[in-house]
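*Asks:* Listed here are the chains, written in short residue letters.
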Amino acid sequence: MKQRIKGLHLEPLWWGLFSAGGVCFAVLVPSVVLVFGLLWPLGVVDVSFTTLQSWYQSLWGLVFTAVVISLPAFHAAHRIRHGLHDMKIGYGGSTTAFVCYGSAMVVTALGVIAWWSA
Amino acid sequence: MTQPRTCYVDISRYDPERGDQYPTMQRVQVPYDDSTSVLDVLQYVKEQVDSSLSYRWSCRMAICGSCGVMVNGIPKLGCKDFVRDYVAHKGVGRDHAANDAPALTIEPLAHFTGERDLVVNMDEFLTHLEAVKPYIIDPASRPNNPSAATHSQTPAQLARYQQFANCINCGLCYAACPQFGLNPEFVGPAAIALAHRYNLDSRDHGKHERMQVLNTHDGVWSCTFVGFCSDVCPKGVDPAAAVNQGKVESAKSMLIQLFKGSSIGDSRS
Ligand code: SF4
Ligand code: FES
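Residue numbers (our numbering), protein chains in the order written: chain A, 1 to 118; chain B, 1 to 269.
None of these hints come from the bench; they were simulated from the model.
Ideal Cβ placement from N, Cα and C applies to all residues, glycine included.
Among the clues, some could well be false.
Result set (DSSO-like, lysine-lysine): computed pairs, CA atoms no more than 30 Å apart in a straight line [to be verified]:
#1 133/B with 46/B
#2 6/A with 235/B
#3 133/B with 6/A
#4 6/A with 46/B
#5 6/A with 260/B
#6 207/B with 260/B
Among the chain B residues that face chain A by a calculated CB cut under 8 Å, a handful are [claimed, not checked]:
#7 206
#8 208
#9 254
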């Protein structure tokens with residue numbers, strides 16, 4: 001076991017979530033804003049609330065939570081943590097990692113709870 | 001004969017042997033034309049104004065990598081950077097001596113320890129280069145193995161790493177990297193690009209040795225993808241691409257270790 005984890009650290013995990021979240025941030029979040037923030041209220045996209053609700057209650061709702069809420073939250077957390085590091089805030093310590101990724105985890109948990117209770 | 005155009009230049013001066021506590025700026029008026037490089041300016045100053053000025057140079061053609069300085073805060077090769085590009089925006093052909101604001105400020109490379117005037121301690125960079133074993137590692141081709149095949153390579157195999165092999169070790173990317181400025185233990189752009197160059201070489205078998213260095217916090221993971229290293233690189237090496245491809249490699253290497261259960265240094269892949 002010792003050999004297995006020797007020299008390993010969590011940075012690749014955060015970076016992986018950051019990269020995946022970056023793609024979601026760039027592609028999916030703007031399209032969601034476009035569809036639900038603009039086209040839907042304008043009546044261009046015509047879906048009934050009940051259709052949307054049943055869609056959200058299915059597994060697709062969980063996928064939506066992951067790619068539109070959770071991954072972008074981890075992307076932002078990683079950026080903010082490195083931004084703080086650049087400003088020498090919490091330099092070298094794990095407090096900023098705890099706060100940033102912790103917040104992203106809380107956001108993720110809230111998203112899952114919202115989906116579960118929908 | 002028209003009068004040569006002149007401009008003012010500020011040069012950072014520092015000589016601890018003379019008792020200098022801090023670097024100071026020396027303002028000089030220098031002649032220039034369209035072909036005057038920053039290195040030509042320094043040579044003019046040393047020959048005509050102040051022979052005590054120290055700076056490094058050799059090839060004058062962007063090959064040796066020894067003439068790196070900060071020009072107006074940006075890392076540049078002195079021999080590849082021209083005065084005309086700094087004065088042009090103030091009006092072509094005007095005599096800038098009339099306005100004694102300096103067109104150029106020349107300082108030693110940022111993030112390195114200044115030794116004297118524009119000369120910095122390059123050992124800080126070279127130790128990082130050495131750490132990544134920038135040479136072909138192939139146990140089968142040691143001199144004591146007469147049966148070893150010669151190293152042949154196809155053009156396609158060469159193309160995989162060629163871009164990263166163009167580095168001239170000038171150190172401009174280290175002066176550009178804010179992470180190296182914050183943490184001098186960071187292996188840094190050129191060394192990671194060089195490690196990547198050998199990892200991509202079909203003749204090499206030393207990747208697992210280099211990954212031990214790249215996998216650490218001070219390896220590829222110190223990079224926050226600022227990308228300024230690639231902007232300032234005079235040879236188009238694109239070290240930022242090497243660092244970020246290195247992150248993918250490092251993530252793979254760590255995953256493999258986690259599943260195979262052997263430490264990175266022990267894996268013989
Ligand atoms: S990667 Fe480019 S900037 Fe960095 S040392 Fe090599 S040639 Fe210079
Ligand atoms: S003098 Fe050789 S690179 Fe400038």
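*Asks:* Could you check the structure against the hints above and give me the numbers of any it violates, in ascending order?
*Replies:* Hints 1, 2, 4, 7 and 8 contradicted; others consistent.
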